[in-house]
Amino acid sequence: MQFELNEEQQALADSVAKQAPALFPFQARGRRGAAFDASKWQEIVDLGWVALTLPETAGGMGLPVAAAAPIFEALGAHLALLPYAPSLQAAALLAGDQHLGLVQAMGEGKAIVVPALGEAGSDFGALPAACRVEKSATGLQLHGEKRAVAWGGQATHWIVSALHAGEVSIWLVPADSQGVQIKAYAGLDDKHLADLRFTGTALAADACIAQGAAAQALLADADAIALAAACAEGAGAMAALHALTLDYVKTRKQFGKAIGSFQALQHRLADMLVKVELAKSLAAVALAVADDAAMRESRLGLLQAAKVQMCQSARFIGEQAVQLHGGIGLTNECQASHYARRLLALDKLHGDANLHLGRLADALV
Amino acid sequence: MPLQLPWGAQDAAFRAEVRSFLQAAVPADIRAKVLAHEVLEKDDYVRWYKVLSAQGWLGWTWPKEWGGPGWDARQIHIFEEELWLAGAPEVYAFGLRMLAPVLMAHGSEAQKREHLPRILSCEDWWCQGYSEPGAGSDLASLRTSARIEGDTIIINGQKTWTTYAHFANRMFCLVRTDASGKPQEGISFVLLDMATPGITVRPIELVDGECEVNEVFFDEVRVPLANMVGPMNAGWTVAKALLSHERFNVGKIGRSKRELDLLKRLAARPRADGSSLLGDSSFARQIAQVEVDILALEATVLRLVAAAKRGQGNGAEASVLKLHGTAVAQRISGLLADAVGEDINSAEALAQDGASPVALGMQHLNWRKLTIYGGSDEVQRNIIAKVALGL
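Top to bottom, those sequences are chains A and B.
Numbered by our numbering, the letters in the first sequence go through residues 1 to 365 in order.
Numbered by our numbering, the letters in the second sequence go through residues 1 to 391 in order.
One thing to keep in mind: the hints can contain errors.
If you want the ones that stay clear, here's a sample from chain B, every Cβ over 12 Å from chain A, calculated [to be verified]: (1) 26; (2) 53; (3) 64; (4) 232; (5) 264; (6) 309; (7) 363; (8) 377.
Restraint ranges, calculated between C-beta atoms of paired labels, are given here [said to hold, decoys possible]: (9) B:138 <-> A:261: 18 to 24 Å; (10) B:343 <-> A:26: 30 to 36 Å; (11) B:274 <-> A:179: 53 to 59 Å; (12) B:19 <-> A:48: 41 to 47 Å; (13) A:261 <-> B:341: 43 to 49 Å.
Per the computed footprint, the stretches of chain A lying under chain B, defined by three or more beta-carbons under 8 Å from a beta-carbon of chain B, are [stated by the list, open to error]: (14) 2-14; (15) 248-261; (16) 276-288; (17) 298-305; (18) 354-362.
Calculated directly from the structure, the hints in this document are not laboratory data.
Just so it is clear, CB atoms sit at the ideal spot from N, CA and C, and this is done for glycine as well.
Please take these sequences and the hints and turn them into a complete structure.
Below is the structure:
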């Protein structure tokens with residue numbers, strides 16, 4: 001892989017970095033439970049951020065997920081909560097020519113498609129167990145419950161994993177289908193989540209996206225993007241939090257001088273920087289391998305390593321940033337607390353350090 | 001399969017070329033000693049350096065103009081990693097990658113022509129005379145004095161922790177030529193012949209019973225003034241430039257990978273009851289953690305190299321990499337000691353590598369040096385705070 005940016009990538013990085021502060025001002029951050037900002041999402045779509053990695057046949061630019069690195073970084077750095085990563089996952093699940101129209105609609109903002117894969121008690125990568133698709137007299141019906149579906153309450157379509165005829169399968173389900181209960185709520189980091197309960201939801205004849213090995217391969221692709229996105233957003237958030245904390249210790253005075261003049265604090269900030277750098281590096285690796293077909297067999301370990309690093313860095317930086325801010329760092333008026341919350345949520349998203357380190361350890365035997 | 005970064009085809013081809021050469025070129029007896037963690041003689045090192053020199057690769061960081069291969073930072077990274085993995089003896093930086101770049105940048109034409117070829121031909125073994133009993137982390141407080149009489153420098157004082165001074169026939173050192181101003185301002189960079197009358201080398205025995213460092217005493221040592229590199233009293237600037245040459249190569253990733261491989265083999269050995277340490281999930285997790293740490297280190301090296309190419313960087317890259325790289329190495333040496341367990345007292349050979357448990361125990365003790373020398377962890381954090389964070 002190359003860590004060097006080409007001209008096109010550098011131009012995108014520059015433009016995203018320039019636009020992001022105005023796009024996502026801290027003051028505009030909703031309180032817990034605030035409504036989804038659909039117009040902000042449309043702005044992102046209009047900037048071409050979603051189309052960037054969509055296939056050219058669907059009106060996209062056809063770039064690899066790694067091209068979106070500056071976008072993930074900005075979403076993390078500015079605490080933006082938008083269904084960007086789920087959209088990229090959904091696009092991976094909709095790979096192929098069958099769904100080009102829907103993918104194109106995603107790139108235009110006419111559709112929001114999100115994966116609905118997680119179930120109660122399911123760990124990262126777990127196959128569906130609680131959701132099943134069964135034949136009835138009137139056709140196929142979906143039963144079961146999906147948990148913590150990101151932007152599940154705002155989506156126009158869900159991509160649902162389920163068991164069907166004893167096989168793993170994935171299904172495209174319009175959000176206006178009958179027989180679905182949507183329980184929407186705010187996540188730890190204010191992200192819009194929803195539990196979806198399917199009670200005999202009727203599925204269209206062409207709703208099946210894939211079955212068996214093909215479905216599992218698509219789910220693995222979506223998982224890879226999910227992990228890489230969490231790593232990249234996390235790296236962006238922790239870098240911003242480190243910078244914020246650095247500014248604070250340079251201005252906060254105690255004992256007659258800036259607290260950043262004390263060596264104990266300087267060394268802490270140095271250690272935080274090291275952890276930011278490590279997380280950034282493996283996030284870049286994760287993005288590079290996530291949708292690289294040549295890495296399909298060997299990418300999982302790299303993605304898990306990246307997530308372990310991200311979680312460990314996030315924990316250290318989140319906690320130390322609050323510590324160095326002191327009491328003010330615990331208040332919601334201080335940005336540090338919002339970052340700490342976001343970092344903890346990203347830490348737990350798609351498996352934490354404990355889970356992934358355990359799996360890496362299992363792979364050693 | 002260890003976790004591997006996805007290298008491109010060009011990188012892989014370069015790696016294959018380097019690997020196939022090294023596999024055949026490292027003398028078998030020397031490789032065996034290295035893998036067994038035995039102490040090497042000067043002759044072992046020099047024999048190997050001459051093999052590399054004949055291949056044109058000894059000065060692998062050097063520009064073509066001076067006999068280097070002209071490799072870029074990625075190639076250098078790959079080559080260094082392969083050196084370690086091949087079980088080659090460490091190629092010490094002193095002459096090749098510390099003094100040589102200084103001479104190329106600050107040396108006179110005569111100094112370059114005299115010394116650079118002799119470094120590549122292995123005629124000279126250089127040691128570095130920086131630290132003193134009262135000047136460790138606070139290097140600028142060094143007191144070894146140099147007075148000028150006509151065209152001669154006369155040196156009095158003492159250096160310490162001088163690595164392989166007992167192998168060296170040359171030393172580059174920092175001496176105080178002016179004690180009146182700020183500590184950094186009165187220092188000069190001087191080259192000397194270790195056979196000069198008045199120099200005494202006294203080995204220091206370390207915790208592992210070996211002598212790799214020395215005290216060096218100077219009693220009215222007379223050196224030609226022409227041996228000064230750069231202007232008088234500019235030695236601090238010259239020495240600082242030297243430090244920046246090793247920016248991306250301080251992590252010694254290849255060595256950590258090699259030791260990690262050994263760790264995995266040791267941990268996989270069946271114990272008396274048929275179980276293995278690798279089957280102990282808490283131990284396996286520690287190994288997995290080290291794998292993550294090494295991967296993150298390597299990715300960071302490559303990312304920072306790429307950033308530097310674009311002219312971006314925080315200026316404290318070497319400190320970031322040294323802090324993490326040495327922490328990882330020490331974690332591995334600790335796990336190796338854990339893996340041999342109670343056998344740590346035994347000098348009996350272990351695996352096919354022949355690394356004895358007692359050698360691995362000694363290595364763990366010896367490797368505490370990693371976070372002390374070349375700027376301690378604490379100094380690295382000071383540098384990061386000042387240079388990268390503006391504190």
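Here is what the structure says about each hint:
1. Even its closest Cβ contact with chain A, about 28 Å, leaves residue 26 of chain B beyond 12 Å, as expected for a residue assigned away from the interface.
2. Every Cβ of chain A is farther than 12 Å from the Cβ of residue 53 of chain B; the closest lies at roughly 32 Å, confirming the non-interface assignment.
3. Against the 12 Å criterion, residue 64 of chain B stays outside the reach of chain A, whose nearest CB is about 23 Å from its own CB.
4. Under the 12 Å C-beta cut-off, the non-interface status given to residue 232 of chain B relative to chain A holds; the minimum distance is some 34 Å.
5. With a cut of 12 Å on Cβ distances, residue 264 of chain B falls inside the contact zone with chain A, its closest approach being about 7 Å.
6. Distance check on residue 309 of chain B: its Cβ comes as close as 6 Å (rounded) to a Cβ of chain A, failing to clear the 12 Å threshold; non-interface status is violated.
7. A cut-off of 12 Å between C-beta atoms confirms that residue 363 of chain B is not in contact with chain A; the least separation is 22 Å.
8. With a minimum CB-CB distance of about 9 Å to chain A, residue 377 of chain B fails to clear the 12 Å threshold, and the non-interface call is violated.
9. A beta carbon spacing of about 19 Å between residue 138 of chain B and residue 261 of chain A agrees with the range 18 to 24 Å that was offered as a hint.
10. Taking the beta carbon of each, residue 343 of chain B and residue 26 of chain A are about 58 Å apart, not inside 30 to 36 Å as hinted.
11. With their beta carbons about 55 Å apart, residue 274 of chain B and residue 179 of chain A fall inside the hinted range of 53 to 59 Å.
12. One distance hint, 41 to 47 Å for the beta-carbon pair residue 19 of chain B and residue 48 of chain A, holds here, with the actual separation near 44 Å.
13. Here the CB-CB span from residue 261 of chain A to residue 341 of chain B is close to 46 Å, well matched to the stated 43 to 49 Å.
14. Here's how the segment 2-14 of chain A fares: 5 of its residues keep a CB closer than 8 Å to some CB of chain B, so the rule of at least three is met and the hint holds.
15. Against chain B, the segment 248-261 of chain A contributes 4 residues with a C-beta closer than 8 Å to a partner C-beta. That satisfies the three-residue criterion, and the hint holds.
16. With a threshold of 8 Å between beta carbons, the proposed coverage of the segment 276-288 of chain A by chain B holds, since 9 of its residues qualify and at least three are required.
17. Beta-carbon proximity to chain B at under 8 Å applies to 4 residues in the segment 298-305 of chain A; the threshold of 3 is reached and the given coverage holds.
18. Requiring three or more residues with a Cβ within less than 8 Å of a Cβ of chain B, the coverage given for the segment 354-362 of chain A holds, as 5 such residues are present.
Violated hints, listed in ascending order, are 5, 6, 8 and 10; each of the other numbered hints is respected by the structure.
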